Amino acid sequence: MGSTDIPPVDGPPPFEPDPVIEAYKQGVDRSLVRENLRRTPEQRLQALAALQRFAEELRRAGRQAVGR
Amino acid sequence: MPDAKPSGADFERLLKALHGSAVEFIVVGGAAATALGSSRLTLDLDVVYSRTTANLTALARALGPLSPYLRGAPPGLPFHWDEATLRRGLNFTLTTSLGDLDLLGEITGGGNYEALLPHSFELTLFGIPCRCLGLDKLIQVKRAAGRPKDLEAVAELEAIREERHKLGR
Numbered sequence: 003m004g005s006t007d008i009p010p011v012d013g014p015p016p017f018e019p020d021p022v023i024e025a026y027k028q029g030v031d032r033s034l035v036r037e038n039l040r041r042t043p044e045q046r047l048q049a050l051a052a053l054q055r056f057a058e059e060l061r062r063a064g065r066q067a068v069g070r
Numbered sequence: 013m014p015d016a017k018p019s020g021a022d023f024e025r026l027l028k029a030l031h032g033s034a035v036e037f038i039v040v041g042g043a044a045a046t047a048l049g050s051s052r053l054t055l056d057l058d059v060v061y062s063r064t065t066a067n068l069t070a071l072a073r074a075l076g077p078l079s080p081y082l083r084g085a086p087p088g089l090p091f092h093w094d095e096a097t098l099r100r101g102l103n104f105t106l107t108t109s110l111g112d113l114d115l116l117g118e119i120t121g122g123g124n125y126e127a128l129l130p131h132s133f134e135l136t137l138f139g140i141p142c143r144c145l146g147l148d149k150l151i152q153v154k155r156a157a158g159r160p161k162d163l164e165a166v167a168e169l170e171a172i173r174e175e176r177h178k179l180g181r
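Protein chains in written order, with the working numbering: chain Y, 3 to 70; chain A, 13 to 181.
With the rest of the complex left out, here is chain Y (with noise of 0.2 angstroms):
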């Protein structure tokens, strides 16, 4: 199986709606969502890679500001 390869959906979701998750559902920005969609699954691991790059980034940015 390739890196593309996740099983696709199928079907309706073997859950019932959770009115506390629905209201957070609303806040999903959908855009990102199909953005992140279009990558391949190391895509996205790289993606979250650097992303943990820049977040030790802005911590030790952070911290040297306010002198620690």
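Please keep in mind that the hints were generated in silico from the structure rather than gathered at the bench.
Quantities reported herein were computed from a predicted structural model and do not represent experimental measurements.
Be aware that one or more of the hints could be misleading.
With the C-beta cut set under 8 angstroms, the calculated list includes, among others, these residues of chain Y facing chain A [claimed, not checked]:
1) 27
2) 43
3) 44
4) 52
5) 53
6) 57
Distance condition first, Cα-Cα at most 30 angstroms in a straight line; then the derived BS3-like pairs of lysine-lysine [as the list claims (entries may be wrong)]:
7) 27(Y) to 178(A)
8) 161(A) to 178(A)
9) 28(A) to 27(Y)
Heads up, the beta-carbon is just placed ideally off N, CA and C, and yes, glycines get one too.
Starting from the known structure of chain Y, fit chain A onto it as the hints suggest.
Chain A alone, transformed into the frame defined by chain Y:
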């Protein structure tokens, strides 16, 4: 203990270490969510591992060189990474020289490796075959975990499901 803590798990090298020792595992948690389309930040790798004797041996061998230690525990504890330690425990939250790794013998709402296997699929990551928990089961286990921090994650996963359904994939 590792000398310097990396900013996040080195997914590629951790997966290669596990694969290189023929460890049987399924990627779950935030990394699985990422592979399935999530854009949320996660810093650790969560895997459910098989508890067979052969797999405990493989796991001990795979992680031995990575200085595994109990995450958050004070330094100097008599923690020995070996097959006996794995057999005595079940879920291990570890720090390693390649970042944080959660080794889970079972997960709430999903059970153990054998129970999750039919709900997983194989994908190729960094040139190696890995098993990853499927979207529906991942949603179910995150719902079952019931942690407040998972609510946004579950909402995103359900949105991913809806978008993929619209796209017919």
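Now the hints, each set against the structure:
no. : hint             : result
1   : 27               : 4 angstroms, holds
2   : 43               : 4 angstroms, holds
3   : 44               : 5 angstroms, holds
4   : 52               : 10 angstroms, violated
5   : 53               : 5 angstroms, holds
6   : 57               : 6 angstroms, holds
7   : 27(Y) to 178(A)  : 16 angstroms, holds
8   : 161(A) to 178(A) : 27 angstroms, holds
9   : 28(A) to 27(Y)   : 35 angstroms, violated
In summary, the numbered hints that this structure violates are 4 and 9.
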